[in-house]
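Number of protein chains: 4
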Amino acid sequence: MNNQNPIFIPGPTNIPEVLRKAVDMPTIDHRSPVFGQILHPALDGVKKVLKTTSGEVFVFPSTGTGGWETAITNTLSPGDKVLAARNGMFSHRWIDMCQRHGLEVEVVTCEWGEGIPADTFEDILSKDRDHKIRAVLATHNETATGVRSDIAAVRRALDAANHPALLLVDGVSSIGCYDFRMDEWGVDVAVTGSQKGFMLPPGLAIVGFSPKALEAVESAKLPRTFFDIRDMAKGYKNNAYPYTPPVGLLNGLKTSTEMLLGEGLENVFARHHRIAEGVRKAVHAWGMSLCAKSPDLYSDSVSAIRTPEGFDANRIVSHALNTYDMAFGTGLGDVAGKVFRIGHLGSLTDAMALSGLSVAEMVMADLGLPVELGSGVAAAQEHYRSSAAQARKQAA
Amino acid sequence: MNNQNPIFIPGPTNIPEVLRKAVDMPTIDHRSPVFGQILHPALDGVKKVLKTTSGEVFVFPSTGTGGWETAITNTLSPGDKVLAARNGMFSHRWIDMCQRHGLEVEVVTCEWGEGIPADTFEDILSKDRDHKIRAVLATHNETATGVRSDIAAVRRALDAANHPALLLVDGVSSIGCYDFRMDEWGVDVAVTGSQKGFMLPPGLAIVGFSPKALEAVESAKLPRTFFDIRDMAKGYKNNAYPYTPPVGLLNGLKTSTEMLLGEGLENVFARHHRIAEGVRKAVHAWGMSLCAKSPDLYSDSVSAIRTPEGFDANRIVSHALNTYDMAFGTGLGDVAGKVFRIGHLGSLTDAMALSGLSVAEMVMADLGLPVELGSGVAAAQEHYRSSAAQARKQAA
Amino acid sequence: MNNQNPIFIPGPTNIPEVLRKAVDMPTIDHRSPVFGQILHPALDGVKKVLKTTSGEVFVFPSTGTGGWETAITNTLSPGDKVLAARNGMFSHRWIDMCQRHGLEVEVVTCEWGEGIPADTFEDILSKDRDHKIRAVLATHNETATGVRSDIAAVRRALDAANHPALLLVDGVSSIGCYDFRMDEWGVDVAVTGSQKGFMLPPGLAIVGFSPKALEAVESAKLPRTFFDIRDMAKGYKNNAYPYTPPVGLLNGLKTSTEMLLGEGLENVFARHHRIAEGVRKAVHAWGMSLCAKSPDLYSDSVSAIRTPEGFDANRIVSHALNTYDMAFGTGLGDVAGKVFRIGHLGSLTDAMALSGLSVAEMVMADLGLPVELGSGVAAAQEHYRSSAAQARKQAA
Amino acid sequence: MNNQNPIFIPGPTNIPEVLRKAVDMPTIDHRSPVFGQILHPALDGVKKVLKTTSGEVFVFPSTGTGGWETAITNTLSPGDKVLAARNGMFSHRWIDMCQRHGLEVEVVTCEWGEGIPADTFEDILSKDRDHKIRAVLATHNETATGVRSDIAAVRRALDAANHPALLLVDGVSSIGCYDFRMDEWGVDVAVTGSQKGFMLPPGLAIVGFSPKALEAVESAKLPRTFFDIRDMAKGYKNNAYPYTPPVGLLNGLKTSTEMLLGEGLENVFARHHRIAEGVRKAVHAWGMSLCAKSPDLYSDSVSAIRTPEGFDANRIVSHALNTYDMAFGTGLGDVAGKVFRIGHLGSLTDAMALSGLSVAEMVMADLGLPVELGSGVAAAQEHYRSSAAQARKQAA
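One line per chain: the protein sequences are A, B, C and D, in this order.
No gaps in the numbering here: position 7 of the first sequence is 7 in full-length UniProt numbering, and each next residue is one more.
No gaps in the numbering here: position 390 of the second sequence is 390 in full-length UniProt numbering, and each next residue is one more.
No gaps in the numbering here: position 390 of the third sequence is 390 in full-length UniProt numbering, and each next residue is one more.
No gaps in the numbering here: position 356 of the fourth sequence is 356 in full-length UniProt numbering, and each next residue is one more.
Derived by calculation from the structure, the hints in this document are not laboratory data.
Since the structure is predicted, the reported quantities are computational estimates derived from the model, not experimental observations.
Treat the hints loosely; a few may be bogus.
Because identical chains share one entry, a pair is satisfied inside a single copy or across any pair of copies.
Only pairs whose alpha carbons sit at most 27 Å apart, straight line, appear in this in silico DSSO-like list of lysine-lysine [claimed, not checked]: (1) K338 to K293; (2) K132 to K221; (3) K338 to K237; (4) K254 to K21; (5) K81 to K221; (6) K338 to K234.
Please construct the entire structure, taking both the sequences and the accompanying hints into account.
Next comes the structure, spelled out in structure tokens:
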């Protein structure tokens, strides 16, 4: 790879120049006041991105997976029951983590491509009169299938059942990309990472805890030290960190939140939606369909595109890489070989998106799929053209 | 501009990551032996790129314009006569420089879009029995018109006329992009810069002098100090420089020549030709034509594309920048408003080229030109697909 | 802080230019073969630095603290007993982590400034006939006190007691700085991070597991997912990672091991020793003493310097930062206010070390301590001068 | 060289992190409005640094030598007479350039170490009743000898003689380091470069022209194109440049002037003076003396230090480089082998300065000079300590 092409994996994203420079720092004394001047603006910025005023944010040198572990080990105890839907690889993995940590998981199995079934959740929660279910797990954006679930609906299910379970949400590939409302939706723990909507290199697990989740921490008996938010909270109060902080990435996070909030979150979301719509119009022009079952589930972060029966979708990804130095995402788990994915999260221009679509067309043509060269590009161009003026106005 | 889109001006080019890092150096002591370990490999590398074994290379902290001034002030004296064709903005400017330096220029005026008329040169040189013409100036690649002239033919004209004039060649936007043979073509001074085929930031004038040109230096009476190659030559012998050297750019030049020679010059040229062909196929698919009069004149560095009569071509460039953050080149001089230019020199992938063509299509459609969305892209895709396997083999 | 002074905290260290550039990478597809070409050389390089041929190396997006958690959760079960000495802040914290994970810790309390008492360990292990002690924890370099413990002696204690306990070693601030012999010393888990001897930004926990430790993994019942080495091992086999890998830091680790192994580990250790000796000679010239009780305990990574009774050593650190923009380390835990620390690990030149000593002298003079300006500098200069020729030879 | 030590050559200087990042830019379209947003603030910033409101600033991709050539070729004609003192290598070279450009130079020969003799200038100018002398050349800071000349006195000499000659001043190693007052001193052309007080990599010639100098441009007959300020002026008006601009360096210049003006010029000068004084106190503590004849001539940019009779001063420079990786300046021209130089311009901390002095002491001791280790360091420490509080206040 020569590093010149944009990448279209569903994260890590293309890193804007200013963020690369923010991360690339000489060593500072992380016990000096300079550190606090990086840490606190980063935490405050994340809160605004999460749309929370009552929650607290903690940032670990880790990844989204570490964020999940932070969420469960700080709020739950061995043997606790949790409710979760398995509708893709990432919800699957979080369930697996819970089981490995000795939690009992009530799994609602969905077809991959579906969203979280809030109705089913409401049924289950309503029947759980003893409130044995201590937490509901929800994956906001299933990166494997390109499905956006309705977290507000999950909250309504909890409320309708009058159930006190905590709501733990994986927002790894949604936060910073499309709307996420921690306070309004009553999210108790929100989990994300540095390498998606924040457009940074991987290396940070970013979690938000609601006051209710914070209350659960003392009684949570799952063992933890590295991921214990109590040590983090204690450190932050003193402009410090419980161990060596990843200063460069935190400085990047500070700068990233400045960029996102400077642009305006609603503009960031509109920008993602516009780019994503162009990709989807191209997919439809190719005569293909998305893994996501219906338009309300379409993710503005990533599109998983179904390939024809009998065709190995992984060939698209490997051919794109080997022949055109371009990275798309393979299908994972149940949809391995059945879909390929185009990540369209983070900072992407029309030109970048069109370059990805152009290459996808060449690849599919090379592999004998019935895709007309230029057809998807034209559909996306039409969309980008017609919405360009509005996009410019928002960016200004 | 958000810096994420590739640029399509005909230089400076997109800078590969490895070259940005090579240039971005902490200060070293330029009087220490470390400097020689940067300077000499850079000079040797440039010689190989120029295909000269008998010439000497000098590198100035300057630009191609400074390279022209180096060429004439080190070989000519006030009142000397030179022969030159004016077939574009850059040949025009070099002629202007000669006149401002008190040289008499016999100008052969050509239509912009034509190459250097070697036949006319032969006529003029043959008639110059007293050898009053001391030098012939030739612009290898007219960046303004996208025209490649035939330098070998100019050499043949000189030889046919049995004329001793020096052959001074502007190879600013050809060297490192397509074939240039200093020794074989009897080029006496070759001029280029850092920001074109070498893919570096601007800031270096790079010149090659043949033994015959070196002989002319002592008798050349045009005043010069900064551009005097005698000071340079004396410095180089001692691993030194006559003034403060641009160490980072020289380190970049060393690395750039390693890249070009590592890839193989013929592969570099084939790569440029392949990308350029894709662009030209798109242009033809749009129903448009190039400024260059005939295919033998097509430049593999830049294409100047004629727009319909009555349409201001500059609108394409400004609309592309304002609406899609993409930079193309405007028309200059005689063809201002009549052409826009797509630079395709330096390190470009298929995906990058296609992103430029996609945007060009949107821009032209936005401005009401009768261009079908996706049409040029499809033509370029077809070309890139069919030649991708061969390109891969060469890159390996 | 203006970032121009070297830092003298005991890690993170000053980052060499080449490592900053290795870490600062554009995003690549971490599921492509390119990733394996970064990952495997990094792992192989670390093995050589650990001096192990039989062990396996795992690298997590985390810190040394995460490395400790990896060590215990992958080898132990709730209620297991471990043996550890508390002789500084970092051994203290590791003990605390064990207790929070439900392990029973037999703590040997030492005065801070002492090394691990191998004799006492041998007594305890000999009396543990039922082998209830499942692991011995040892902190090779106590960063808080500047004490190097004798790991070979701990191994001899285990062997003399014929005890099968695992030997888990914190080598965070020793590995890559002074001699560490995983195989020869029978270390079962070795723990370090990116930001000390490897001279990288923080963000990686690096652990080596012996075959015996690997055997213990399946029966280890402490819950873990993020830090489960089985997922790592499975990923590595496929050039993959169980979650998003910190590619830039891994690329830095690859480059760092190339640097260390290229220089030669024994030369790296000699270099650290030489710089450290200069610092110690300065300390003695100031009439001060080290926290480490005896010369055999002196650490080549960091020196903790005792200040006079009644003087708050933290004032040195804050005055140095506020007045001279220079970062030293404060005393931690039991020696807070009683020592200040000069980190001398990683890539340091004589000039850098002398700048630290110069500033330390000014600071102490400013604060009224009876230190003669230039005295420590002169002692260090004498040492560096007399050993410079030898150092050069090793570097060559 | 491992790049970790600060350098003590009298320019290029150590480059602050923020300036390295400002220079390291991806390519932009230099014909787009973005370019004007870099260019004009850079030019305006330079004007403020030059303390001129009536002059115009021009910036060339070149060096200080190119700045000299710009000064003379834009204001003078072949055969014109100029007055200059030769009191060091750089004044010598400028004189040489004038002669090579066909100017008649009345040279006042001074001992190296002396300043410009304003009295002698006044005599000569007074006798030049026909005003044949068209320009007076003055080197503000003789980098070779560490001598600061009194430009205000040269202006007074011109005024006392009621002489209309232009005053052309080489401020390459003074501007941005110590006080320079273009308007107040009636400087007609001020010349500097990017790599001294502006702390950038080399590659820019920066010149200021007074209204009077601008008037002289049309009648100046020395041939020039690359350095013709008329083309520059015309370009600037259109946010453009007469050839490819060195965008990254110009962006660095913009940022550099923001840094200097943000700190406050008087604070910048006080900072240079303070660091320089520490170096001079060290020199005197070593029992050595400066090349500059008297304290009023001491340069705050660079100190040239006389070594004992019979000792080859170059050995200091080569030994420092070979043994301690540290770069000092050699003696040039008349004082070659008789002095070595410590550059102390640009961004330097106390710690950096002390590291240079420490190494100088080791080097001199190694070479058998009677220098007591720590003696110069102690003298400088005393100075830095006593002035640290005041320095902090200014920096705040």
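Hint check:
Taking the shortest Cα distances, K338 and K293 sit within 27 Å of each other inside one copy (14 Å), while across copies they are farther apart (50 Å). For the identical chains of this complex, K132 and K221 are neighbours both inside a copy (16 Å) and across copies (25 Å), given an alpha-carbon limit of 27 Å. In this homomeric assembly, K338 and K237 come within 27 Å of each other (Cα to Cα) only across copies, at 24 Å, whereas the closest approach inside a single copy is 49 Å. Taking CA atoms no more than 27 Å apart as the test, K254 paired with K21 passes in both settings, with 12 Å inside one copy and 18 Å between copies.
Taking the closest pair of Cα atoms, K81 and K221 come within 27 Å of each other both inside a single copy (13 Å) and across two copies (20 Å). Taking the shortest Cα distances, K338 and K234 sit within 27 Å of each other only across copies (24 Å), while inside one copy they are farther apart (48 Å).
Violated hints for the displayed structure: none, as all numbered hints are satisfied.
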